[in-house]
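Work out the full structure: start from the sequences and follow the hints.
Given next are the chains, with one letter for each unit.
Protein chains: 2
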Amino acid sequence: MKQVYNFNAGPAALPRQVLKKAKEEFLDFQDTGISIMEHSHRGKHYEEVHEEAKNLLKELLSIPDQYEVLFLQGGASLQFAMIPMNFMKPGEQSGYILTGSWSEKALKEADKFGDVKDIVSGKASNYASIPDLPSFSPEEYSYVHLTSNNTIYGTQWASFDGIDHPFLIADMSSDILSRRIPIDKFGLIYAGAQKNLGPAGVTVVIFRKDAAERANEGLPAILSYETHIKNRSLYNTPPTFSIYLLKLVLEWAKNLGGLEELEKRNQEKAQLIYEAIDQSSGFYSGHAARDSRSLMNITFTLKNEELTKQFLKEAHEQGFYGLAGHRSIGGCRASAYNAVPLEACQALRDFMENFQKKHDK
Amino acid sequence: MKQVYNFNAGPAALPRQVLKKAKEEFLDFQDTGISIMEHSHRGKHYEEVHEEAKNLLKELLSIPDQYEVLFLQGGASLQFAMIPMNFMKPGEQSGYILTGSWSEKALKEADKFGDVKDIVSGKASNYASIPDLPSFSPEEYSYVHLTSNNTIYGTQWASFDGIDHPFLIADMSSDILSRRIPIDKFGLIYAGAQKNLGPAGVTVVIFRKDAAERANEGLPAILSYETHIKNRSLYNTPPTFSIYLLKLVLEWAKNLGGLEELEKRNQEKAQLIYEAIDQSSGFYSGHAARDSRSLMNITFTLKNEELTKQFLKEAHEQGFYGLAGHRSIGGCRASAYNAVPLEACQALRDFMENFQKKHDK
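Order-wise, the sequence lines are chains W and F. Residue 248 in our numbering sits at position 248 of the first sequence, and the numbers go up by one each step. Remember, our numbering sits 1000 above the position in the second sequence when you count from 1.
In short, the hints are calculated from the structure, not lab data. Note that the structure is a prediction, hence the values are computed from the model and not measured. Incorrect hints may appear among the rest.
Said to hold, decoys possible - In silico SDA-like cross-links for lysine to any residue, where the CA-CA straight-line distance does not exceed 20 Å:
#, chain 1, residue 1, chain 2, residue 2
1, F, 1044, W, 23
2, W, 2, F, 1024
3, W, 44, F, 1318
4, W, 117, W, 158
5, F, 1108, W, 216
6, W, 123, W, 137
7, W, 2, F, 1343
8, F, 1023, W, 285
9, W, 23, W, 45
10, W, 23, F, 1027
11, W, 20, F, 1031
12, F, 1264, F, 1343
Below, the structure written as structure tokens:
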């Protein structure tokens, strides 16, 4: 099999061990003679997978007891809609912190349901950094929404120390499980699985139970968080195979040493590439301001369009996948999620250095 | 590996050949060195899968050009909500034909958005048959909704000859791809994949393009059919692995001989079990009226609760999975979807006959 380094932004690399294990039991799950995919979601074999996935996530992220873990469908995009549908009320205002395209999209959906305020936006500086927050009082907003990591611009909240609100909501699609987070600061956290957690098709929601009291009534059952809490994410048929893979990814993360170890690895991995940028005397230039650099998505450009194209072409030929920047901003992006091994980042750093030697004239 | 016969109601059996093929290329899709799951949904490898799945479905179901095929998430339950959100308007009434629990659920969701009428209901006869339709004029309803096959009660529309409406909507979750259907009678057809099409996690929608003109504006992007039509079901990250498996299932169906062959096989399979019921002199009694019998879900009871339990126990011991009736009505149910082989139905018939010999005293 050819040697490749998968830096895809999502769907992204999955741990090799996880894929091997899934392949091994693909046709015959736990001696039942059928695939886990063919099991009923109401049967004990799947039920165990479902509960184990939930418990492992609680354990790994140190989720306190007053939170529920839900497995939904529809990705972050459906959460953009479900949040205002469930929590916006006439006469109230919700606050959105804009740090990139995804938070813009989240705001745009909320705007369809009521009064929305962009508390602060990094747009003027082309989302190169996480902006300083203006002070606000909790009463101003029914909830406050932020995006913890911005895949397109390559920025990330280094810490959540400066922000406090009784109902803080975070889209953590692209950095969940990559570092320790103070869950209890948040009322609701959501994340599409396809970056750090598993394959596309399942969305994790971490929901502080008291938030259910704030929810609007009369919603379609499938779009009400309460439905899923009451039914333990089994209201309708869940994406069973995606949740099974999520469980395997969580087991892998636990065996590795959990969040502390993953955080350490992710820092080390990202540092390799940021160093290659910083030591290139401007041959590579990073998009994100240093204090806002993402450990997940490292965005950079080369001196000109032509050189960028050449870089992407040669990289692809040498087995580096997914290094083109998002179609909305161009340039280059290396997504070094949990499952991307250190060796891939070392290889990329070496490639970047060699490419510079060859082309920096 | 042990010999089992999977009669699960959904998630259900998948064709063995499909699972084998998926296993084979699980770690290395088309010599790319990574799994199809790890490919970007914007990359050419996945794009090809996506388009092929769409084209195969169009070909197999003879879907005319004026229809779009969409791959969404959220199952039929999300369609129950999206349909009224997109198509109910003030001052108009929509009509629902009630043939079981799923159509009841669909109506209940629509009722949250406007004026809904149950055109006819089979509830009084415990949903044992597809009721005769009262005549109505097209202007009475903005759309008319039906459920083509009723998994819980084991009934199915034998034909759609008696029903005409310019915007007819059908939930075909449990019998799509099992027989030929007159697509052009319908404005919208939807189906969760986990019975006849693939694993749980993807929902197929067949959408007559002119229906987009009827749709309400201002909806959340993810809940608007128009969004998905415009973006070829790539507005957000689709459940790529589920769609890949769907593609393999469709290839399998095509190689088998398409709908005509599947229809023949399904008739043959169901007949084996219905005969065992009919020839049992009342030892087994079918739930559905003869003219409404489903080829997909064969529901029956035994003389008493105790015997039913014994039947399910012995069947399970002999490798028959999923024969318990839905928790809402009890009894027994054999779901003989496309991927259930003839041999499984023969084995079940034999088991039923032997069980009767042993216990019919």
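Going through the hints against the structure:
Of the pairs offered as hints, the one joining residue 1044(F) and residue 23(W) is violated, with about 24 Å between alpha carbons and a cut-off of 20 Å exceeded. With a C-alpha separation of about 16 Å, the suggested pair residue 2(W) and residue 1024(F) falls inside the 20 Å cut-off, and the hint holds. For the given pair, residue 44(W) sits about 18 Å from residue 1318(F) by alpha-carbon distance, which is consistent with the 20 Å threshold. About 23 Å separates the Cα atoms of residue 117(W) and residue 158(W), which puts this hinted pair outside 20 Å; it is violated.
At most 20 Å may separate the alpha-carbon atoms for a hinted pair to count; residue 1108(F) and residue 216(W) meet this at roughly 17 Å. In summary, the hint linking residue 123(W) to residue 137(W) is not supported, as the alpha carbons are separated by about 23 Å, beyond the 20 Å threshold. Simply put, residue 2(W) and residue 1343(F) have alpha-carbon atoms about 41 Å apart, too far for the 20 Å limit, and the pair is violated. For a cut-off of 20 Å, the pair hint linking residue 1023(F) to residue 285(W) is broken: about 42 Å separates their Cα positions.
This hinted pair checks out: residue 23(W) and residue 45(W) have alpha carbons roughly 17 Å apart, not beyond 20 Å. Pair hint residue 23(W) plus residue 1027(F) holds up; C-alpha atoms about 8 Å apart against a cutoff of 20 Å. Proposed proximity of residue 20(W) and residue 1031(F) is supported: the alpha carbons are some 17 Å apart, at most 20 Å. As the CA atoms of residue 1264(F) and residue 1343(F) are separated by approximately 15 Å, the hinted pair is consistent with the 20 Å bound.
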